[in-house]
Amino acid sequence: MKRTANPMPDERGYFGPYGGRFVPETLMPALNQLEQVYLEAKSDSEFQDELGYYLHQYAGRPTPLYFAQRLTEELKGPKIYLKREDLLHTGAHKINNTLGQVLLAQRMGKKRIIAETGAGQHGVATATAAARFGLKCVVYMGEEDIRRQSLNVFRMQLLGARVAPVSSGSRTLKDAINEAIRDWVTNVRSTFYLLGSVVGPHPYPMMVRDFQAVIGKEAKRQILEAEGRLPHYLVACVGGGSNAMGLFYPFSKDGVNVIGVQAGGLGIETGKHSAPLLAGIPGILHGTLTYLLQDLDGQILTTHSVAPGLDYSGVGPEHSYYKDTSQCHYTSVTDQEALGAFALLARTEGIIPALESAHAIAYVQKIAPKMAPDKIVVINLSGRGDKDVNIAAEEMGIRL
Amino acid sequence: MNKISQIFAHLKSRREKAFIPYITAGDPSLDITKRLVVEMEQRGVQIVELGVPFSDPLADGPTIQQASQRALQSGVTLTKILSTVKEIRKQSQLAIVLMTYYNPIYRFGVTDFVERAAEAGVDGIIVPDLPPEEAGEIKEAAQRSQLDTIFLLAPTSTPERIKLVARASTGFIYCVSVTGVTGARGRVSQEIRRLVLKVRQYTDKPLGVGFGISTPEQVKEIADFADAVIVGSAIIKVVQEYLNSPRLVPAVGEFVEGLIKGMVLPGDENSKK
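First to last, the protein sequences are chains E and V.
Each residue of the first sequence is one higher than the one before, counting from 1 in my numbering.
Each residue of the second sequence is one higher than the one before, counting from 1001 in my numbering.
Just so you know, these hints were derived from the structure itself, not from any lab.
Worth double-checking, as some hints may not be accurate.
Here are the simulated EDC-like pairs of lysine to aspartate or glutamate, each with C-alpha atoms no more than 20 Å apart in a straight line [stated by the list, open to error]:
| # | chain 1 | residue 1 | chain 2 | residue 2 |
| --- | --- | --- | --- | --- |
| 1 | V | K1198 | V | D1227 |
| 2 | E | K79 | E | E218 |
| 3 | V | K1261 | V | E1016 |
| 4 | E | K220 | E | D254 |
| 5 | V | K1080 | E | D297 |
| 6 | V | K1080 | E | D295 |
All chains should be modelled from the sequences, with the hints used to inform the complete structure.
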């Protein structure tokens, strides 16, 4: 990565030409307020201590940086380390952000939390944080995702959240975000919108990145302890892109090669994928200017991925900026490659990864044999795969 | 003076208010849209809002979401809508305001869109997901092409934002009656009267009120303190009801006429205060 001279985003929420704040007027005062409260909290040691306490005692941080010896041996390439976000409470990196935002909601006196969810991981992490602090919680989820991730639906309900099915559009993450924004426009005075990725209007992309940056900060310390040097590659899957940004950001001035893996679905050439950074063009969706999968008339296209958490037409604006400035190399793997890596990690390391994270592993599986053994790769294992066993079985033609 | 401002000035001199119907262009076809505009003009409408359908209309409730879906299914694009406006212009004098989310315009090319829209005979544009802070390019182009840019205010708007929006808006200012999305509601919120009175302290520009207004009585209530009343979802519900009927155009016309008559419902003069 190259060094950037100015802090990102700028005061208008822009990362180069991407980002900004494209929302109905009703929400503008709320976003201004949120930005102000967040910036205050960021420099308030009391807030940081409280967040640190919950990340440690409740969520289980720090997570290990695990040397995947058998995977390394199997692939006959570089040393592979896994940042074990899958070991966190609720099973994915999402809780880093939901705890941070729920503490902000407390500061702002908001009693009702809303969120969108694709895979259900952000929904579960939101419902969990809301339960811990006694806040009312509604999670919007596309009907198609409800079908694919029934286990997470039940978990959210158990945690006291209401799961609101979304039947518009492609009935996946994009439509769940639309519906959450409509709820927020309606109930903005009482409600905190807990957005789950580095997407949406400013300050969300910045704020979610900052909350997730704990991943990269830890990983940097841990790899220096383990190897006495920085890794050569960082690899993470990119849907909205929060786990990737969380890992990459603290390394952004270190000259490490950074690789973001998007969901290639059935193959980029088929059009059935979720890879706006590879096949999209810039536009405005969900309050931000970023690469989007859209047609020539500016209508948003539906997406496909075997991993519900990557099934999104847009991507965080900072990733768009990273793409244009070549600070990160974006690539993709197909559904089948991800499913292969899902099985590979289970077999070699006894770790079942989330299908989302399996995309990052699949890419390393492809490039590892061409790499020298003295190289070091850190993969963000952003979530665990328990939620995906039904999808995987279905794809493998096994009836459970 | 642009057409919209002329209309408001004329209405003001007669102590009248504007009624602005909203329909989604291309719902169910652009031919019907053209006929609806002409019909509504004959029933007394002087300003019409044409919605450009978008796949992800996040400021809209279910009624306009469905209308957008129908329009998109019929193959409507921004280019085709501009051609329709051009055709409407041949037989109609009313002011045409396009309401569109930002992405279709951005895709089209902002400056290019503004020029083509002005050329086709569009008088103003409303972009619900574009606050003045992000509207630099469109404002500049619109000024050159003498197209009005109408920005929105909401019950949550702070005095600073009211000033900002009032400065940026030309033609009129769109005051959103509720915190929420578009769609007919049972009653008019009390918030809106407060908002309009508050905005009045900062600007002399005409104030239109929309979102959630569906009956002649509600139109009357709003017309008592605003300069324009905007109705969308309630009209689209009539379109929906008559989708496959040859009566669609006259049925919408009758409904709109009924709403216009709401503005002159007998009422207590003192209620204005």
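Structure-based check of each hint:
1. A hinted pair counts as satisfied when its Cα atoms are at most 20 Å apart, and V/K1198 with V/D1227 qualifies at roughly 14 Å.
2. Taken as a hint, the E/K79 and E/E218 pair is honoured in the structure, with Cα atoms around 18 Å apart against an allowance of 20 Å.
3. The hinted pair formed by V/K1261 and V/E1016 meets the criterion: a straight-line CA distance of about 12 Å does not exceed 20 Å.
4. Between the alpha carbons of E/K220 and E/D254 the distance comes to roughly 10 Å, so the proposed pair stays at or under 20 Å and holds.
5. Among the hinted pairs, V/K1080 with E/D297 is consistent with the structure: their alpha-carbon atoms are about 11 Å apart, no more than 20 Å.
6. A threshold of 20 Å between alpha carbons decides the hint, and for V/K1080 with E/D295 the separation of about 15 Å falls inside it, so the pair holds.
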